[in-house]
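Chains as they are written, first to last, in the numbering used here: chain R, 1 to 365; chain W, 366 to 499.
Bear in mind the hints are in silico, worked out from the structure with no lab data behind them.
Among the clues, some could well be false.
For lysine-lysine, the following DSS-like pairs were computed, each having C-alpha atoms within a straight-line distance of at most 27 angstroms [said to hold, decoys possible]:
{"hint": "1", "chain 1": "W", "residue 1": "LYS383", "chain 2": "R", "residue 2": "LYS331"}
{"hint": "2", "chain 1": "W", "residue 1": "LYS462", "chain 2": "R", "residue 2": "LYS200"}
{"hint": "3", "chain 1": "W", "residue 1": "LYS480", "chain 2": "R", "residue 2": "LYS200"}
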Amino acid sequence: MNREEVNKVSEVIEVKVNEEGPDYPNYPITPLPNYEHRQAAHCESGVTRNLLSPVSAGKITEPLAFGIGAGLFFAHIPFMKINNGPAIAFRTMPGQIFNRTCKSLGIPVIRKKFNSKEKAEAFLKECLADGHPVGLQVGVYYLPYFPKEYRFHFNAHNLVVYGKNADNYLVSDPIMEHTTTLDSYQLERVRFAKGALAPKGHIYYPERGAGVTDEQIKQAIKKGIRKNVYAMLNIPLPFVGVKGIKTTGNKIKKWRDKLGLKKAGSYLAQMVRMQEEIGTGGGGFRFIYAAFLQEAHAYMQNDSLLEISQTFTTAGDLWRTAAVQAAGIYKGRIGSQEDFNVMGDYLHEISELEKNAFLALRKIV
Amino acid sequence: MKKEEVPQDLSSLGNITKEVCYATDNSGKYTTELSRGWEVKIKALDVAWEDIEKRIEAAREQVVNNNASPLLFFMEYRLMDISILADYTGFWKWQIKRHLKPAVFNKLSIIKLRKYAEAFNIKAADLVIMNIYE
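Work out the full structure: start from the sequences and follow the hints.
So, in structure tokens, the structure goes:
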């Protein structure tokens with residue numbers, strides 16, 4: 001192909017990529033009246049809280065959504081790499097927090113995925129026209145308002161669209177302090193991001209219902225705790241739950257010899273990012289969970305919940321102490337085998353703490 | 366974590382938005398506090414990007430030495446692997462592996478180049494000459 005042809009091709013693409021749409025001077029902003037943007041620590045529990053706010057009269061807070069959705073988890077998937085590092089998760093599968101929370105509270109959910117981008121946008125417009133703010137699953141890589149350093153091919157981010165102004169969708173991303181906008185091309189691109197967990201235009205919202213009673217919340221809390229106890233104690237896989245934390249501790253002790261200091265450092269850095277990076281509330285979600293148990297106490301009146309909450313605070317603090325140790329290694333300040341052993345032992349200690357906490361929870365629900 | 370212990374080390378995200386952290390107040394009750402960032406995770410992110418930069422540089426060299434087509438460079442530049450690129454373009458993975466060879470890449474049709482360019486969010490012309498603006 002000669003240069004002229006190449007230029008012709010690029011012109012066509014140029015138009016598609018940079019299309020800004022016509023100017024709409026003073027076009028009225030049309031956010032839906034019943035939606036309030038509130039910032040959250042974690043995207044999915046934040047979206048859940050924001051979408052359920054009208055239905056639940058604001059009773060479902062972020063920690064309640066996280067706990068009822070049984071959000072706390074640990075898994076270190078063997079033989080799988082994410083961005084050339086270990087695949088470690090501190091939370092449950094994407095989508096489950098919203099699902100479980102609505103199901104446990106008896107709130108019907110509308111959800112759809114699409115093969116066609118046009119149909120996906122048409123449905124979104126329909127929802128907005130009907131007055132529903134909607135949750136969308138999106139990929140982060142082409143999300144323009146995130147700083148470049150945070151954009152990876154991570155497809156399980158969630159945000160709310162709550163209105164449209166000319167070609168701009170009004171976006172409430174719970175990670176952000178303030179609302180923002182995406183034009184239709186930008187939104188289409190992130191809704192149809194590709195790769196693992198591709199969102200396929202995934203859209204969801206709760207049906208307007210009869211409201212949520214305190215008794216319903218209490219039962220939902222119990223159910224959520226039971227599910228979380230099961231996930232952390234009873235899944236019979238060595239790399240999942242409290243056993244998984246211990247297994248990862250053992251692996252870390254071997255990383256120095258197996259991978260070399262540099263790569264072991266990169267692996268630890270990746271683990272710390274999964275644990276602390278935007279959306280965890282700190283300490284690998286352990287602090288949100290501790291907050292959940294305190295709020296659960298108001299509904300269940302069982303004082304052990306407060307004690308167990310403190311145990312999760314201790315666990316979260318210890319995760320952060322481990323992160324400081326890991327940082328020492330990937331910064332090159334420390335790096336002996338003994339330093340890796342200390343790191344691994346932190347995880348053993350955490351595993352033990354969380355095991356006891358979930359055993360205690362199992363007794364009271 | 367206590368409220369006053371929530372770190373405030375300015376990160377690149379901190380310029381755009383602060384993050385919500387859960388922390389306890391004096392009476393041990395949970396509340397939220399905004400954080401501008403934490404040095405430990407700023408460095409963790411730096412480590413990730415240092416690794417990526419190295420991969421991009423290695424890919425650039427491969428292309429310059431004619432051992433790989435510019436696709437390799439843009440794959441690394443866009444943090445993609447072959448399966449993500451296959452999903453974005455609709456090509457099979459084995460096709461992409463072929464297109465990574467300079468000789469095959471040089472004969473690609475305009476339509477195929479456009480698919481790649483769109484996946485990388487660049488112009489087809491820049492794809493061919495391995496040009497970046499950002």
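Hint-by-hint comparison with the structure:
1. W:LYS383 x R:LYS331: Given pair LYS383 of chain W, LYS331 of chain R holds - Cα atoms ~24 angstroms apart, limit 27 angstroms.
2. W:LYS462 x R:LYS200: holds (25 angstroms)
3. W:LYS480 x R:LYS200: Between LYS480 of chain W and LYS200 of chain R the Cα gap is close to 19 angstroms, so the pair holds against 27 angstroms.
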